[in-house]
Amino acid sequence: MQAFKDSGHLFRLAAVFVAGILLFLVMRGVLVPKSFGQYGHYRGNAMAEIGALPIRFAGHETCETCHADVLDKKKDGKHAHVSCEACHGPQAKHADDPSSVQPPKLDTAVLCVRCHEANAAKPKNFPQVASADHSGGLPCDTCHQPHSPAIGSPAVSGGKK
Amino acid sequence: MSISRRHMLLLLPAAAVAWKHVLAGTPESSPNYTMSQHWWSMLIDLPKCIGCGNCVRACQTENDVPDGYFRTWVERYHVSDYDIENPQVDSPDGGKKGFPAVKAEGGKNFFVPKLCNHCADSPCTQVCPVGATFISPDGVVLIDKKYCLGCRYCVQACPYGCRFINPQSSTAEKCTLCYHRITKGLTTACCEACPTGARQLADLKNPNDPIHEFLKTHSVQVLKPYMATHAKVFYNGLDGSVR
Numbered sequence: 001m002q003a004f005k006d007s008g009h010l011f012r013l014a015a016v017f018v019a020g021i022l023l024f025l026v027m028r029g030v031l032v033p034k035s036f037g038q039y040g041h042y043r044g045n046a047m048a049e050i051g052a053l054p055i056r057f058a059g060h061e062t063c064e065t066c067h068a069d070v071l072d073k074k075k076d077g078k079h080a081h082v083s084c085e086a087c088h089g090p091q092a093k094h095a096d097d098p099s100s101v102q103p104p105k106l107d108t109a110v111l112c113v114r115c116h117e118a119n120a121a122k123p124k125n126f127p128q129v130a131s132a133d134h135s136g137g138l139p140c141d142t143c144h145q146p147h148s149p150a151i152g153s154p155a156v157s158g159g160k161k
Numbered sequence: 001m002s003i004s005r006r007h008m009l010l011l012l013p014a015a016a017v018a019w020k021h022v023l024a025g026t027p028e029s030s031p032n033y034t035m036s037q038h039w040w041s042m043l044i045d046l047p048k049c050i051g052c053g054n055c056v057r058a059c060q061t062e063n064d065v066p067d068g069y070f071r072t073w074v075e076r077y078h079v080s081d082y083d084i085e086n087p088q089v090d091s092p093d094g095g096k097k098g099f100p101a102v103k104a105e106g107g108k109n110f111f112v113p114k115l116c117n118h119c120a121d122s123p124c125t126q127v128c129p130v131g132a133t134f135i136s137p138d139g140v141v142l143i144d145k146k147y148c149l150g151c152r153y154c155v156q157a158c159p160y161g162c163r164f165i166n167p168q169s170s171t172a173e174k175c176t177l178c179y180h181r182i183t184k185g186l187t188t189a190c191c192e193a194c195p196t197g198a199r200q201l202a203d204l205k206n207p208n209d210p211i212h213e214f215l216k217t218h219s220v221q222v223l224k225p226y227m228a229t230h231a232k233v234f235y236n237g238l239d240g241s242v243r
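Chains as they are written, first to last, in the numbering used here: chain S, 1 to 161; chain W, 1 to 243.
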């Protein structure tokens, strides 16, 4: 074999390369998460991790399983399609443990004006008032029941439930 | 050492089983949810938006968004009668506390809620050097916090300005379309909190979703269509002055 005479250094070099490639493959196997590349060039498990975050808003379907009476009050009023947590805030903790976690009492003087304070950028057909002129500082639930806000609507006080 | 044919036949199935395990990863947290059956989007019905800021507050509560940063925010536009090319836009604290009433002298005034457009051809995912942000198989642009380096390429790439660097984790953050909620059958926090139905979560792969009827019967636009991002947040009644 004249061709491979004095060629030991080539084989040693090849061995170094092979060892390097093997080390790369082993390290890659250890370091790259198993789910990487499952769906694309990213870690597939990231979706499950994001999906496992806790929820804060229970959703109005959850509220309605217990508070069917409120649903009854709301159904003919202007607020029929306003979901519970739009006003009452996030209540997932209350839904998990209704007896020990109580939702805070709402202040209608603060709450109603968030939506109904007059503003030129609001849609023209949306009911809005300049609250200072409209009620003179009285809380809104003096006249309006939040669950069915038209004056004279038969619903009993929403504030007292 | 030499491997006989008999040993090879034993080894190959074992390797196949091991490889399958490698591919599978850990199981999903929502067992009843099949990603391939959904393609999420959102509909924003602008004539219904009253600028109350409920969506902004709900998003911050639901997703622990730090103060001064926004995954969704509301802008107020004032387009004067004589300079429709240059609208005045304000968004005090993202619209979180509503908008102060200003005396409008003519012109048009309206609110525009903004959020990640969950583009089907998103510029932000294309620039990520480490595969930390991606489009999930159900059409949601997500960020893998464990992989994000905080290099800010994606923050620059987003044409809609929807990304920011979370000051606590120093990783990129954005709207996840409440992925932890929609995979459990709930709607997003902003849609849940919206009192007028101006925001509606929509599943384009669900043939019974009202979005299909809405898209057929309304003039619907996306933001910056010339960017060819295939944005999936649809705006009904969008004014031409909105950037």
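The reader is advised that the hints may include incorrect statements.
Unchecked claim - Here chain W is said to cover these stretches of chain S; the calculated rule only asks that three of the stretch's residues, wherever they fall, bring their Cβ under 8 Å from a Cβ of chain W:
1. 32-46
2. 117-123
As the list claims (entries may be wrong) - The list that follows gives simulated cross-link-like pairs (lysine to any residue, SDA-like), each with its CA atoms no further than 25 Å apart:
3. W:Lys108 - W:Ser80
4. W:Lys48 - S:Asp76
5. W:Lys146 - S:Arg114
6. S:Lys34 - W:Arg5
7. W:Lys97 - S:Val110
8. W:Lys184 - S:Asn45
9. W:Lys184 - W:Pro159
10. W:Lys216 - W:Gly240
11. W:Lys97 - S:Ile50
12. W:Lys48 - S:Arg114
13. W:Lys184 - S:Gly89
Bear in mind the hints are in silico, worked out from the structure with no lab data behind them. Even for Gly, the Cβ is constructed at its ideal location relative to N, Cα and C.
Hints not upheld, ascending by number:
Hints 5, 6, 9, 11 not satisfied by this model.
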